[in-house]
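As they're listed, the protein sequences go chains A and B. No gaps in the numbering here: position 32 of the first sequence is 32 in full-length UniProt numbering, and each next residue is one more. No gaps in the numbering here: position 16 of the second sequence is 16 in full-length UniProt numbering, and each next residue is one more.
Treat the hints loosely; a few may be bogus.
The list cannot tell twin chains apart, which means a pair is met if one copy fits it or any two copies do.
[To be verified] Below, a list of computed lysine-lysine pairs in the DSBU-like style, where the Cα atoms sit at most 30 Å apart: (1) Lys223 to Lys125; (2) Lys105 to Lys223; (3) Lys41 to Lys131; (4) Lys223 to Lys100; (5) Lys390 to Lys6; (6) Lys385 to Lys105; (7) Lys412 to Lys307.
These are calculated hints, taken from the structure and not from any lab test. Bear in mind that the values here come from a model prediction, so they are computed numbers and not experimental data.
One-letter residues, chain by chain:
Protein chains: 2
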Amino acid sequence: MVSWDKLTEEQQHQVEVQLSILQRGAADIVPEEALKQKIMKAVVTGIPLKVKLGLDPSAPDIHIGHTVVLQKLRQFQDLGHEVQLIIGDFTGRIGDPTGKSETRKQLSEEDVKRNAETYQTQLAKVLDLNKTTFHYNSSWLGELRFDDVLRLAGKVTVARMLERDDFAKRYAANQPIHVHEFFYPLMQGYDSVSLESDIELGGTDQTFNILMGRTLQGAYEIKEGQVAILMPLLEGLDGVQKMSKSLRNYIGIDESPTDIFGKTMSIPDTLMLKYFELTTALSNAEIEGLREGLEAGTIHPRDAKIKLAKGYVEMYHGAIAAEEAEQHFITVFQKRSLPDEIEEVNLSSEQLDEGRISIIKLLVHLALQASNGEARRSVEQGAVKINEAKLTDIHAQITPADGDILQVGKRKFVKIKLT
Amino acid sequence: MVSWDKLTEEQQHQVEVQLSILQRGAADIVPEEALKQKIMKAVVTGIPLKVKLGLDPSAPDIHIGHTVVLQKLRQFQDLGHEVQLIIGDFTGRIGDPTGKSETRKQLSEEDVKRNAETYQTQLAKVLDLNKTTFHYNSSWLGELRFDDVLRLAGKVTVARMLERDDFAKRYAANQPIHVHEFFYPLMQGYDSVSLESDIELGGTDQTFNILMGRTLQGAYEIKEGQVAILMPLLEGLDGVQKMSKSLRNYIGIDESPTDIFGKTMSIPDTLMLKYFELTTALSNAEIEGLREGLEAGTIHPRDAKIKLAKGYVEMYHGAIAAEEAEQHFITVFQKRSLPDEIEEVNLSSEQLDEGRISIIKLLVHLALQASNGEARRSVEQGAVKINEAKLTDIHAQITPADGDILQVGKRKFVKIKLT
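Only chain A is shown next, with the shape it has when bound in the complex:
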């Protein structure tokens, strides 16, 4: 244990700076005090922390949702720490022993290798690969024999396993849990034993598995077990559900600059700051500036969103592509799908509440819809767009600006004039 009082003022300052950066956006840190200890020790000894992230060995197609943990890893790297990326090829090579799970198809060695290469290319856009080590967990898990496995399984009770949220639910609902499934958290935990990780990152849905790593490190007599840094799940374009490929509400980092830009412009205003906080390399101070500007009305949400969209394209396709994507967006928005002449409609600031108004009220005020019910249906059916971006949340709060174009269906357009 390093004692706070033994640190120089300069060291104490360093610890505080690191903590403020690393705590940003985290949903939970368990145990919180242990993170401070780890950082104190690293600052005093100069030995970087080993920060672990496990990667699914199936074909990677990283989207902005995944970059929440990657940005956190990058922060660790910028603070001088080391990242351990673990490709779960052992699990991938087994597939699903019951043959029932589609998501756990058995992968060949070539599959795994090819996927790992794709990972490297994609991850290089967020991480500093010079401070990143790649590991295949088959290199230790594949060496375990039956007696080692029994020793591993002897570290944990069945009751503890059944506390895991999804197991608990399935058990209560009489849905089958096969015994081998208990080994997925055990294997993930054993990875941390093998690599003596200090920190493991994951989404909040990984809490159980990451704390299992801490438990197993203790059982295998590794002092000061790993700390779990749990990042929130990022909502996708719909603003409600977790960003995921299957829900088609994602922004893939390998998508075209135009798509990344356009999709980003369609995220709900309310989520914008969360996206900035969790998925960009902006500093805490920059984000604070944005927050204040948006609240004070000195920054228009559309401009902030353009900054976000441009930032993504720059990160994943470079600065030139970012410039082009912005130009393209403006061109399309101004020329292609809008009629030459659009009726201008006055919107009184008295109808706004601190500059904002619900989308339903807006549609009725502007006489684009006759009733709240009709307005709601149009939104739900995806017929409503603001500045070309589709809007499907009936609870959305809008901050209208002069010149904003509101569209319902293919024929109704109005240009807003604030009065």
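Start from chain A and add chain B according to the hints.
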């Protein structure tokens, strides 16, 4: 599937004879119909059945309770079948990974080897070693790797495991079950997969584990999975609790002829036929004869018990030792611990109920004790002997014979004279 109608009359007769022998004394056969199928097939093809028994790898000290399954194996051998004995050395070498179980101490390779040799010596007294194969389960379990283990664990659900009686109880009582414990039934079952056993024998407490073998054989695509023959647990000398070393109510087959003889003479009359049926090589017809003789009163229980005691000594020490043990018993009984002159007391047959009387009533009738309460205390304290055999069950029913000697404490003796 072999069809009954396709068998010759001679073959049908053979099947029926085998079934009548093999069903004797069994507490349960699961599934019963499958046993008949297996025997039919063996009779038709001439291929012997493979009958499995698992042995604990710790130091063997076989007692009469263990011989219940051994005698059943011997019956299989006498009918031409083969016995597979499995020394669970794999489990023994692991011990208890949590380090908490005293009964699962880790054994060295030499321990296991020495114990296996002792087994051979002891088992040779019941089994025909020419029709017995010995197997160490480490030879297949020790070869399994982590991925094999996961495939094995994928065959069974957690809910199924928690149905096992002891697991269910511990889980309900919030007592820890460690995940590795799920593997003991899986390992035992995998032994049956590896050896393609047709039958597995065990006590009724082994039902779950043996049926797990049948399930796993199915999962590993072995047709016509093994049949469980479940033998009842034999009560020990106290007539109530399962015979076991820890309860000190056992007759060890390596004990001296005198001890085996004397201990056998002390078992309750009511259990005698069960001992004959389960732990001797007597034929069904011989046992039926004994049962009838005892019921009709033409065979005295004491004589039957001497036959049982002599039989045990003959089986485990040879015919000469058996003769000597009987002589020794009679000598001691007649000369050593009894006074030269014993008062003869009349016992009217009217006081007996079909020739029987409770020990408490008997003591009071013979005026050895003043009251039922006093009589009960003497029995409970172990002060009461009939013909030198201590009697501790206050509910014991006695069948007195002319000349029986009843003793209370060190000084009170009477010789019974039936009138």
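Notebook entry, point to check: Is it within, between, both, or neither for Lys412 and Lys307, if the alpha carbons may be no more than 30 Å apart?
Noted result: within (29 Å within a copy, 108 Å between copies)
- Task: Could you place Lys223 and Lys100 in one of the four classes (within, between, both, neither) given a Cα distance threshold of 30 Å?
- Result: between (39 Å within a copy, 22 Å between copies)
Using 30 Å as the alpha-carbon threshold, which applies to Lys105 and Lys223: within, between, both, or neither? Result: close only across copies, 27 Å inter versus 36 Å intra.
When no copy is specified for Lys385 and Lys105, does a C-alpha distance of 30 Å or less occur within a copy, between copies, both, or neither? neither (40 Å within a copy, 72 Å between copies)
Should Lys390 paired with Lys6 be assigned to within, between, both, or neither, using CA atoms and 30 Å as the limit?
Neither: 57 Å inside a chain and 77 Å across chains, both beyond 30 Å.
At most 30 Å between CA atoms: does that hold for Lys41 and Lys131 within a copy, between copies, both, or neither? Cα proximity of Lys41 and Lys131: one copy only (19 Å, versus 68 Å across).
request  = Using 30 Å as the alpha carbon limit, work out where Lys223 and Lys125 are close: within a copy, between copies, both or neither.
outcome  = neither (34 Å within a copy, 55 Å between copies)
Hint compliance for this structure: hints 1, 5, 6 are broken, all remaining hints hold.
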